[in-house]
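Residue numbers (this note's numbering), protein chains in the order written: chain A, 35 to 292; chain B, 126 to 452; chain C, 21 to 288.
Since the hints were made in silico from the structure, they are not lab data.
Take the hints with a grain of salt, since some may be wrong.
Said to hold, decoys possible - Subject to a maximum C-alpha distance of 16 Å in a straight line, what follows is the list of computed EDC-like cross-link-like pairs (lysine to aspartate or glutamate):
no.: 1; chain 1: A; residue 1: 43; chain 2: B; residue 2: 237
no.: 2; chain 1: A; residue 1: 133; chain 2: A; residue 2: 40
no.: 3; chain 1: B; residue 1: 393; chain 2: B; residue 2: 371
no.: 4; chain 1: B; residue 1: 262; chain 2: B; residue 2: 245
no.: 5; chain 1: B; residue 1: 276; chain 2: A; residue 2: 51
no.: 6; chain 1: A; residue 1: 43; chain 2: B; residue 2: 245
no.: 7; chain 1: A; residue 1: 133; chain 2: B; residue 2: 216
no.: 8; chain 1: A; residue 1: 285; chain 2: B; residue 2: 216
no.: 9; chain 1: A; residue 1: 47; chain 2: B; residue 2: 322
no.: 10; chain 1: A; residue 1: 43; chain 2: A; residue 2: 145
no.: 11; chain 1: B; residue 1: 421; chain 2: B; residue 2: 440
no.: 12; chain 1: A; residue 1: 285; chain 2: B; residue 2: 272
no.: 13; chain 1: A; residue 1: 43; chain 2: B; residue 2: 249
no.: 14; chain 1: C; residue 1: 107; chain 2: B; residue 2: 237
no.: 15; chain 1: B; residue 1: 267; chain 2: B; residue 2: 330
no.: 16; chain 1: B; residue 1: 218; chain 2: B; residue 2: 241
no.: 17; chain 1: A; residue 1: 47; chain 2: B; residue 2: 237
no.: 18; chain 1: A; residue 1: 54; chain 2: B; residue 2: 216
no.: 19; chain 1: B; residue 1: 262; chain 2: B; residue 2: 272
no.: 20; chain 1: C; residue 1: 226; chain 2: A; residue 2: 79
no.: 21; chain 1: B; residue 1: 326; chain 2: B; residue 2: 341
no.: 22; chain 1: A; residue 1: 53; chain 2: B; residue 2: 408
no.: 23; chain 1: B; residue 1: 350; chain 2: B; residue 2: 363
no.: 24; chain 1: A; residue 1: 281; chain 2: B; residue 2: 216
no.: 25; chain 1: A; residue 1: 286; chain 2: B; residue 2: 363
no.: 26; chain 1: A; residue 1: 43; chain 2: B; residue 2: 241
no.: 27; chain 1: C; residue 1: 123; chain 2: C; residue 2: 108
no.: 28; chain 1: B; residue 1: 397; chain 2: B; residue 2: 410
no.: 29; chain 1: A; residue 1: 260; chain 2: A; residue 2: 171
no.: 30; chain 1: B; residue 1: 392; chain 2: B; residue 2: 425
no.: 31; chain 1: B; residue 1: 267; chain 2: B; residue 2: 249
no.: 32; chain 1: B; residue 1: 370; chain 2: B; residue 2: 440
no.: 33; chain 1: A; residue 1: 118; chain 2: A; residue 2: 208
no.: 34; chain 1: A; residue 1: 47; chain 2: B; residue 2: 241
no.: 35; chain 1: A; residue 1: 133; chain 2: B; residue 2: 249
no.: 36; chain 1: A; residue 1: 165; chain 2: A; residue 2: 82
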Amino acid sequence: MTIYIESMKMYLKSLLEYKKSFIMSFISQFFVFFTYYFMIIALFDKFDNIKGYTKYEVLLCFSIIQFGYSLIEIFGRGIDQFDKLIIRGEFDRLLLRPKNILLQVLCTDFDLIKIPRILQSIIILIISLVKLQTNLDIYKITTLVLMLLSSAILFLSIFILMASYCFITVQGLEVRNLFTDGGKHMAQYPISIFNKTFIFIFTFIIPYAFVNYYPLLYIIGKTTNKLYIISPLITFLYLIPALLSFKWGIKKYTSVGS
Amino acid sequence: MSFINVNHINKTFKVAKRRSGLKAALKSFFKREYQYIEAVKDISFQIEKGEIVGYIGPNGAGKSTTIKILSGILVPDSGTCTINGMTPWKDRKKYVSNIGVVFGQRSQLWWDIPAEDTFDLLKDIYNLNDEEYLKTKNNLIKMLDIEEVIKIPVRQLSLGQRMRCEIAASLIHNPSILFLDEPTIGLDAISKKVVRDFIKKINKELKTTVILTTHDMSDIEALAKRIILIGKGRILYDGTLKNLKEKYGNTRHILVNTNNTIKNITKKGIIKQEKVDSGYLFEIDTNIISISSFLKYLSDIVSIEDVDIDTENIDNIIIKLYKDFEI
Amino acid sequence: MKVYLNLFKLKFMNQLQYRMAAIAGISTQFFFGIVYIMVYLAFYTSNGDTSLPMKWNELICYLWLMQSLFALVNPWVKDNELLSMIKDGNIAYELCRPINFYKKWYATMYGNRLAATLLRFLPIIIIAVILPEPYKLLPPNSITSFILFLISLTISSLLITAISMLYHSITMFTLDEKGIMSLLMVFIEIFSGGVIPLVFFPNFLKIIAYILPFRYIIDLPFRVYSGNIPISTAIPNIGISIIWLIIIIFIGYKLSIRACNKAIVQGG
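Please build the complete structure, drawing on both the sequences and the hints.
Written out as structure tokens, the structure is:
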């Protein structure tokens, strides 16, 4: 853990070498993120509900997913950009050091300019909760915390899975957008608005539904079943196959080379 | 049992074929063909503690593959390798604390910040205690003369300064083996000398075993008593540089300036004779005819104005070797 | 001219190497298409279609064309080769070549776009056509609409390339591509109709969008196809888009000359 924090300090130092660029990027990130919810807001200007869900219910859903995604983009950028490590041959260097490989990969890069995304997600989350007049008791707060955590864990797992794919080939990595960007786009709406096949895939294959659908139902009062509070925990299991595949990838890399 | 034992190592890679032309590109878009490349074939050698070994060969000969296997990045298809009693690709974390690797063409330093910060991070990565870290660091700073250099952001350094920091970073954990992959590539004469002197010094003082690959034969001449020549994945020569010179360094080029015309001379030991702008160029085999007897012979026929004899150049030897082995 | 054709061919062949990228691109675009359609479908079916600015059959065409031709109209395309040259100053060498800087990079970028599109659009169109209702891509409104669609799409692709050239030239002044470029691209993406069709915009935004040149990239061609913009309106709009194209090429060209002069003065 020390090396993660030390690496982040170094990253900050290098950022400060380019102050102007950093500030510009920081501002532009604010607007980039705006396009993400522009669609929801604009469409709710014309329509008043989507399969019974109101604007702020959808925005709540959106903010949870965006929070997790941005968090991992910022602090897990090393694993997101893993293909570059492989292409530039820098992964070799990590194999020469006596520390856990995945930890070292995480230490290679950060993306603090995306902090505006986190901030906006939190603001949207709060606005939505207020507008929905949610009465936040201990159960609902627990649910919310678990949702935010599971959102981050799920994206981390997906990023690790995608990084493992880089060990096979770095070509066609654009397919990763399907699972990250695509999944993110989809999961910003309550999953029940989609068709059955989709619901199946994004419940059982990539468990987005446990991040922000089942727990959402509890938060907005569509169910009172307490089991829904802990439903986000299921996504934590998703880390297991992700970590295993990464381990397998390293083994393959050292036997096939680059 | 030697310090480094490499026995019958083999490694084959599968690579996609690329062809030029629109038709071929379209074809491979739908169907891809592969070919197998034997990067190293049955490589064996032993290296003792404290040796400096030059590992040479043309591009694509298998140098990098060997270095990768020795440093544990790559697992061979077959064969064994023990270094300091350990197999590089097993028990990675324990093994890598023993080795330092410098890739001349890749940097391990953070680009935008001073090298000193990278050293501090490496301290944490290698779990070094403050005392030994400071001792090694100060020693390296002194030996490589980088006291000021390590306080400047790496991107502002010259290549020579950066390479010195690079080497320091690879040695900060005091490894017993140092792999150098083309450490002097692109450096100016002074930086090359600093790097070479340093390598000699740590080898002498710390008994660090050094394995270096290079294309610069003057590196080898300055550093390595022993060389291993590899071509097309096989070891072609393993021995001292002196032996190699004796075996292959027997041809010399002599340029003779004269106002006379020299007809074709048929004499034993003269391999080639050629008329060039500034005179005549001879290639002779010094095992058959010595330089002095050649010149004596020549001065008997013509009046020589000036002669220019090439120095005994290791590059020429290597070119000749490559030709002989058809690599 | 032959030089530019060859450049174009080179870029095309370069794209062919990336087989997996093409397949991945196709599946991603297809997936996004389906997700968007389901979102809109959910909106359409949960609200009575009173006063909707687009009929479902028009919207579905818009969405599928958007996905299948994404590589052609996407504002978020950067030429990393050019950008890295700008940043490390190697651009100076580029200016020494006996070939016009603007034309060369215009041809290169256009080649990249067209090649990426040609490799991707057909599979998406084919799948979209054989899908069941209501997901199915429908044929164009009429032959005339289709011809006008093709014309305006051609202008669109030239226009977006000209805009790309513009912001790559700006980067030659600012030397930082991330901040300003992202801002511009966000703006273009929204006002071209890349996020949602402009007709869904709140009124004041719609007015702004219709004045700006960006609507001719996505909004015009894709709505002409389905007849959402009738032929009588389409023709004058195509005229306006040509004027915009000329203006933007002119500005970009002038800007690139100034940027080149600056690069020469600085010595890279």
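TODO: Find the hints from earlier in the document that the structure breaks and name them by number, from lowest to highest.
DONE: Of the numbered hints, 3, 9, 11, 12, 16, 18, 21, 22, 25, 27 and 31 do not hold.
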